[in-house]
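> As a plain string of letters, each chain reads:
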Amino acid sequence: DAGITQSPRHKVTETGTPVTLRCHQTENHRYMYWYRQDPGHGLRLIHYSYGVKDTDKGEVSDGYSVSRSKTEDFLLTLESATSSQTSVYFCAISEADRAVRYFGPGTRLTVL
Amino acid sequence: QQQVKQSPQSLIVQKGGISIINCAYENTAFDYFPWYQQFPGKGPALLIAIRPDVSEKKEGRFTISFNKSAKQFSLHIMDSQPGDSATYFCAASVPSNTGKLIFGQGTTLQVKP
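So the sequence lines, in the order shown, correspond to chains A and B. Numbering-wise (this note's numbering), the first sequence opens with residue 1 and increments by one. Numbering-wise (this note's numbering), the second sequence opens with residue 113 and increments by one.
Excised from the complex, chain A in its bound form:
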């Protein structure tokens, strides 16, 4: 398995609170991605990074921000969590934009 960890693995929070999810890789891959997985929607890209401090929006970026200060870490922040952000969040990495994506184990987030 590619060296990707996500923390926390499970989180329950309340509407309006800030939440930060962490993705850590040991593969030194350039690209990192955050996806959310919801029934009937497959996986949808939230944000991605193509290098340290280089990030861009995906298809469902509203309400989310990201930061990447080191190659190995990619943080996803929900500034003010809403119930619609209840989902399973996956981090992924790849050596190049069009190379294989390796996914982390996921974080199940519940916003009450």
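By construction, these hints were calculated from the structure, which means they are not laboratory data. Keep in mind the model is a prediction, meaning the values are calculated, not measured. Any given hint could turn out to be false.
Some chain A residues near chain B, calculated using beta-carbon distances under 8 Å [said to hold, decoys possible]:
hint, residue
1, G40
2, H41
3, L43
4, L45
5, G58
6, F90
7, V100
8, R101
9, F103
10, G104
11, P105
12, G106
Within a straight-line C-alpha distance of at most 27 Å, the following computed BS3-like cross-link-like pairs (lysine-lysine) qualify [as the list claims (entries may be wrong)]:
hint, chain 1, residue 1, chain 2, residue 2
13, B, K154, B, K127
14, A, K53, B, K212
15, A, K57, B, K154
16, B, K117, B, K169
17, B, K183, B, K170
18, B, K183, B, K212
19, A, K11, B, K154
20, A, K11, A, K57
21, B, K180, B, K212
22, A, K70, B, K154
23, B, K169, B, K127
24, B, K117, B, K154
25, A, K70, B, K212
26, A, K57, A, K70
27, B, K117, A, K57
28, B, K127, B, K224
29, A, K70, A, K11
30, B, K117, B, K212
31, B, K212, A, K57
32, B, K117, B, K170
33, B, K224, B, K170
Restraint-style ranges between C-beta atoms, simulated for each label pair [said to hold, decoys possible]:
hint, chain 1, residue 1, chain 2, residue 2, range
34, B, R173, A, L75, 36 to 46 Å
35, B, P225, A, K53, 47 to 57 Å
36, B, S181, A, H41, 22 to 32 Å
37, B, M190, A, H41, 23 to 33 Å
38, A, E59, B, P225, 31 to 41 Å
39, A, H41, B, K154, 10 to 20 Å
40, B, D143, A, N28, 23 to 33 Å
For every residue, glycine included, the Cβ atom is placed at its ideal position computed from N, Cα and C.
Fit chain B to the supplied structure of chain A, relying on the hints for placement.
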């Protein structure tokens, strides 16, 4: 136009049977079509992928068939086994540096012993 439509949503197959999952797309700029397999509680993992310059790719019991004119591609699992029970996602990407890999909605496959 950026969508990838996947069917069926769920599939039940007997052990030893053939599982077939279909995907359709509109954007003719897509040029890379991977399939991912996901077991419960795990992240998706690349299963097999194809580029549109070939009509078929086979890896073991898994085959992708690609019909460029119809803008459709499908995954065939031959001799399906209970261990193949998982959720399968097709995906597509364009030749750009956008990071966008568009996923289908997913198919949950159950292989009965």
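> Hint by hint, note whether the structure agrees.
Hint-by-hint comparison with the structure:
1. With 8 Å as the threshold, the beta carbon of A/G40 comes within range of chain B, its nearest partner Cβ sitting at about 6 Å, so the hint holds.
2. Below 8 Å, beta-carbon pairs count as interface contacts, and A/H41 has one with chain B at about 6 Å; its hint therefore holds.
3. Proximity of A/L43 to chain B holds as hinted, the smallest CB-CB distance being about 4 Å (cut-off 8 Å).
4. A least Cβ separation of about 6 Å between A/L45 and chain B falls short of the 8 Å threshold, and the interface hint therefore holds.
5. Annotation: A/G58 was flagged as interfacial toward chain B, and the flag holds, the nearest CB pair being 7 Å apart, inside 8 Å.
6. Annotation: A/F90 was flagged as interfacial toward chain B, and the flag holds, the nearest CB pair being 5 Å apart, inside 8 Å.
7. Annotation: interface hint on A/V100 holds; nearest CB of chain B at approximately 5 Å, less than 8 Å.
8. The restraint placing A/R101 at the interface with chain B holds, with a minimum CB-CB distance near 7 Å, inside the 8 Å limit.
9. Annotation: interface hint on A/F103 holds; nearest CB of chain B at approximately 3 Å, less than 8 Å.
10. A cut of 8 Å between beta carbons decides the hint on A/G104: the least distance to chain B is about 5 Å, and the hint holds.
11. With a cut of 8 Å, the hint placing A/P105 at the interface with chain B holds, because the nearest CB-to-CB distance is about 6 Å.
12. Interface hint status for A/G106: upheld, as the beta-carbon distance to the closest one in chain B is roughly 6 Å, under 8 Å.
13. For the given pair, B/K154 sits about 23 Å from B/K127 by alpha-carbon distance, which is consistent with the 27 Å threshold.
14. For the hint linking A/K53 to B/K212, the alpha-carbon distance of about 19 Å falls within 27 Å, and the restraint holds.
15. A distance of roughly 25 Å separates the Cα atoms of A/K57 and B/K154; the hinted pair therefore holds under the 27 Å criterion.
16. For the given pair, B/K117 sits about 21 Å from B/K169 by alpha-carbon distance, which is consistent with the 27 Å threshold.
17. A threshold of 27 Å between alpha carbons decides the hint, and for B/K183 with B/K170 the separation of about 19 Å falls inside it, so the pair holds.
18. In summary, the hint linking B/K183 to B/K212 is supported, as the alpha carbons are separated by about 19 Å, within the 27 Å threshold.
19. Only pairs whose Cα atoms come within 27 Å are accepted, and A/K11 paired with B/K154 is accepted, the gap being roughly 17 Å.
20. For the hint pairing A/K11 with A/K57, the CA-to-CA distance comes to about 24 Å; that is within 27 Å, so the pair holds.
21. Proposed proximity of B/K180 and B/K212 is supported: the alpha carbons are some 21 Å apart, at most 27 Å.
22. Distance check on the hinted pair: A/K70 and B/K154 sit about 25 Å apart at the alpha-carbon level, within 27 Å; holds.
23. With a C-alpha separation of about 23 Å, the suggested pairing of B/K169 with B/K127 holds against the 27 Å cut-off.
24. Using a Cα cut-off of 27 Å, the hinted pair B/K117 and B/K154 holds, with the two alpha carbons roughly 23 Å apart.
25. Distance restraint check for A/K70 and B/K212: the Cα-Cα separation of roughly 22 Å lies within the 27 Å cut-off, and the hinted pair is therefore satisfied.
26. A threshold of 27 Å between alpha carbons decides the hint, and for A/K57 with A/K70 the separation of about 19 Å falls inside it, so the pair holds.
27. At most 27 Å may separate the alpha-carbon atoms for a hinted pair to count; B/K117 and A/K57 meet this at roughly 23 Å.
28. Only pairs whose Cα atoms come within 27 Å are accepted, and B/K127 paired with B/K224 is accepted, the gap being roughly 6 Å.
29. The straight-line distance between the Cα atoms of A/K70 and A/K11 is roughly 24 Å, inside the 27 Å bound, and the hint therefore holds.
30. Proximity of B/K117 to B/K212 is assessed by CA-CA distance (about 16 Å); at most 27 Å being required, the pair is judged to hold.
31. For the given pair, B/K212 sits about 10 Å from A/K57 by alpha-carbon distance, which is consistent with the 27 Å threshold.
32. For the hint pairing B/K117 with B/K170, the CA-to-CA distance comes to about 22 Å; that is within 27 Å, so the pair holds.
33. Proximity of B/K224 to B/K170 is assessed by CA-CA distance (about 24 Å); at most 27 Å being required, the pair is judged to hold.
34. A hinted range of 36 to 46 Å for the beta carbons of B/R173 and A/L75 is consistent with their spacing of about 40 Å.
35. Remark: the range hint 47 to 57 Å for B/P225 to A/K53 is upheld by a beta-carbon distance near 52 Å.
36. Distance hint for B/S181 and A/H41: a CB-CB separation of about 28 Å, consistent with the stated range 22 to 32 Å.
37. Separation of B/M190 from A/H41 is about 29 Å and conforms to the stated range, judged on CB atoms against 23 to 33 Å.
38. About 39 Å separates the C-beta atoms of A/E59 and B/P225, a value consistent with the hinted range of 31 to 41 Å.
39. Checked against the hint of 10 to 20 Å, the C-beta distance between A/H41 and B/K154 comes to roughly 18 Å, which is consistent with it.
40. The supplied range of 23 to 33 Å is met by B/D143 and A/N28, whose beta-carbon atoms lie about 27 Å from each other.
Violation of the numbered hints given earlier is absent; every hint is satisfied by the structure.
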